[in-house]
Amino acid sequence: MGIESKLGNLGIVTTTLEGVVNWSRTGAMWPMLFGLACCAIEMMGSQAPDYDMSRFGMELMRASPRQSDLMIVAGRLSRKMAPVLRRLYDQMPAPKWVVSMGDCASCGGVYNNYAIVQGVDEIVPVDVYVAGCPPRPEALIHGIMTLHEKVRGEKVRDWA
Amino acid sequence: MTISQIEITSDELRHLVSNRALEGETLLLNMGPQHPSTHGVLRLLLELDGEKVVSCIPDVGYLHTGIEKNIEAKTYEKAETMTDRLDYLNTMGNNLAYCLALEKLVDLDVPERAQAVRVIFTELQRISSHLVWLGTHALDLAAMSVFFYCFNQRERILDIMEMCSGQRMMTTYFRPGGLWRETAAGFEEAVRAFIDDFPRRVDEYEGLLSKNPIFLDRTKNVGVMSAEQGVAWGITGPSLRGSGLAYDLRKEEPYSGYEQYEFDIPVASEGDVYARYWVRMQEFRQSLRIVRQALDKLPKGPFRSSNRKFVPPPRAELGTSMEAVIHHFKLWTEGFSAPKASVYVAVESPRGELGVFLEGDGGPKPYRCYWRTPSFVNLQILPLLSKNHLVADLVAIIGSVDIVLGDVDR
Amino acid sequence: MDSVLQAILQDLEKTFAAKGSEFRGQASLLVPADQIVAAAQALRDQHGFGMLAALSAVDYWPQPQPRFHVVYQFKNIPQKLRLELRVALDGNEPELDSISSIYPNANWHERELWDMFGLRIKNHPDLRRILMPEDWAGYPLRKDYPLGYEEVEFTFNFEEIEQRKPRPKE
Chain F
1 MGIESKLGNL GIVTTTLEGV VNWSRTGAMW PMLFGLACCA IEMMGSQAPD
51 YDMSRFGMEL MRASPRQSDL MIVAGRLSRK MAPVLRRLYD QMPAPKWVVS
101 MGDCASCGGV YNNYAIVQGV DEIVPVDVYV AGCPPRPEAL IHGIMTLHEK
151 VRGEKVRDWA
Chain G
1 MTISQIEITS DELRHLVSNR ALEGETLLLN MGPQHPSTHG VLRLLLELDG
51 EKVVSCIPDV GYLHTGIEKN IEAKTYEKAE TMTDRLDYLN TMGNNLAYCL
101 ALEKLVDLDV PERAQAVRVI FTELQRISSH LVWLGTHALD LAAMSVFFYC
151 FNQRERILDI MEMCSGQRMM TTYFRPGGLW RETAAGFEEA VRAFIDDFPR
201 RVDEYEGLLS KNPIFLDRTK NVGVMSAEQG VAWGITGPSL RGSGLAYDLR
251 KEEPYSGYEQ YEFDIPVASE GDVYARYWVR MQEFRQSLRI VRQALDKLPK
301 GPFRSSNRKF VPPPRAELGT SMEAVIHHFK LWTEGFSAPK ASVYVAVESP
351 RGELGVFLEG DGGPKPYRCY WRTPSFVNLQ ILPLLSKNHL VADLVAIIGS
401 VDIVLGDVDR
Chain S
1 MDSVLQAILQ DLEKTFAAKG SEFRGQASLL VPADQIVAAA QALRDQHGFG
51 MLAALSAVDY WPQPQPRFHV VYQFKNIPQK LRLELRVALD GNEPELDSIS
101 SIYPNANWHE RELWDMFGLR IKNHPDLRRI LMPEDWAGYP LRKDYPLGYE
151 EVEFTFNFEE IEQRKPRPKE
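Residue numbers (my numbering), protein chains in the order written: chain F, 1 to 160; chain G, 1 to 410; chain S, 1 to 170.
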């Protein structure tokens, strides 16, 4: 887009600030290791060779919240763990996104009882919900791609 | 609960840590619930003298799901879906334990074919659980490529499970009385292809790790446990077999037809991390042996009991038989009832003795279903094993005890 | 049932005024609450039951007596025997002696009994909650404790549930 269509191949690309910032954010969005239960195994499976997530920029999973952008809440969140989740979310620097992976993280899943928080969106704001019990690695990757589309649509006013 | 309330006050800590910690001579470090090497949400409170661990206090409960209470609110057959999610690496093993306990309680028969298929799937599940163990244990000790190899092979096993039951992990394929449905068309070929290919993979993993000087340095003479300590602390499974005691429930109290198959029990005597690693590597080969025998002997026949008081009739019968319709109605609305008694059935999970204590009250819902999970009991020995070891050794020890937090916290 | 196990059962029934029973080949012994430590000691030292396999409880509310049954599963590895011991407890705040001096792994099992059922364990080295948060009120596995079922959101009650569910904005 822009003037290079008139000037030809000069090695210059023109775009908006939003476009380039959003593109770079989706290019290497590092997830934080927040595997809680069974969904964590499928998350490890999607990092593994058969359904490689590092094709999409998620080369490695950082254990430290201070060095990650994306928190994939994989698994059931118990009431004892909930304050820890909030504390870790607060420790992540902006921009940050949350993917709620699996039924238990999205809505409490199979467990409607005293011990499980009925959806992590009671604790942190969620961007993408991935359904499944556990979701297939392909479903998780689809969720990540949906998040990338959402990030590409973000506007300057939201993060300025 | 506010954030400030999760810190334990020094009064509560006083009886747990030594005086040196309270005076500030040793360091109290929190290896928190979110940590890459704790294999889940396990919190360890470490008292460190430099790099050496003086004491280690595990704090569990961060994954407590209330499964036992949820089971009490569902009928017997519906409760089985909850059982998958306890030890989520050994899902079919959990289903097996629950079905065996239920079948013992109501005295339900299981046909031969179902028993053989159950054995095949349980052993495949054991292989897949040990693959995850090996991958994550090696990853903690910085051998990253083993992680990728193991998960690649695990996908082959998950493909077989998906072929028969439709689900990769939480299958609920075993039902009271047998299996949910007949095995899929390509099942035997797929299993045979897997067990023909897998032995060279085990050789590959052993070639990467067993003589590797870094691996040997990090695992030999680390976390030594004697057999007497193991029995006193209730340790079972490969951890106890790594200390010299040949105790395997598949041989001691055979279930589901295990007495027909010939297999050995690998036992090591040193009791350190390397011994437990060695035992699990040999268990790969023994599981393959069992699957091969079960596959060769796989009998033809019904896949589920025909006792209509407990097993719903096939849909084809509903068009012709009134009794079938009545049984179907009764089973899907109210469910079957169990007598007012209790049983305790134990199976050998990849982690140790998985026991189900099932008590019925004459009604259609379980009155009490207690899960004696191996990881809960095995984790108790961690403070004892990690005394005077370095923090890096602690990581190796946690990996070798092979805990799954879903098992610990239920 | 195994003849060795029969002999052990008869011996224990005499010594501890216990009542034995059997169901589907599994032996069970009902022992009075004050005798449990002595019975556990005898099982370990005289009869060779070296491993405590499981320890849990069943709540028979609203039946007041007995309200709880504490179930111990012991395993004799050399002779391949299993035995279940039950202890009947009454009332809402019952007490029980700890066997963690005899079987070390009873430590966490008894903490779980305290946490889930409210059975106070005497002489326990470290009695505090293990699975629930430290400041939780109530004992979840008791039958008079509610399941904690949350109303499922459908279209007809969506707005009213959304009003009271906490949803953080950032």
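The reader is advised that the hints may include incorrect statements.
As the list claims (entries may be wrong) - Straight-line Cα separation of at most 25 Å, SDA-like style, residue types lysine to any residue; simulated pairs:
id, chain 1, residue 1, chain 2, residue 2
1, G, Lys251, G, Asn307
2, S, Lys122, G, Leu318
3, F, Lys96, S, Pro32
4, S, Lys169, F, Tyr51
5, G, Lys52, G, Phe148
6, G, Lys52, F, Ala63
7, G, Lys340, S, Glu22
8, G, Lys340, S, Asp2
9, G, Lys340, S, Ala38
10, F, Lys155, F, Ala94
11, G, Lys104, S, Leu127
12, S, Lys169, F, Thr15
13, G, Lys309, G, Glu112
14, G, Lys365, S, Asp2
15, S, Lys80, G, Ala246
16, G, Lys74, S, Gln41
17, G, Lys220, G, Glu112
18, G, Lys74, F, Cys133
19, G, Lys340, S, Arg128
20, G, Lys387, S, Arg128
To be verified - Which chain G residues stay away from chain S? Per the calculated CB distances, all over 10 Å, these:
id, residue
21, Glu25
22, Leu29
23, Leu105
24, Arg218
25, Val231
26, Glu253
27, Ile265
28, Asn307
29, Ser321
30, Ala346
31, Val377
32, Leu379
33, Gln380
34, Lys387
35, Ala392
36, Asp409
No wet-lab data here; the hints were simulated from the structure.
What you are looking at is a predicted structure, and each value in this text was computed from that prediction instead of being measured.
Virtual Cβ for every residue (Gly too), placed ideally from N, Cα, C.
Item to check | Unmet hints by their number, sorted upward, for this structure | outcome: Violated hints (numbers, rising): 1, 2, 3, 4, 5, 9, 11, 12, 14, 16, 17, 19, 23, 25, 26, 30, 31, 32, 33, 36; every other hint is consistent with the structure.
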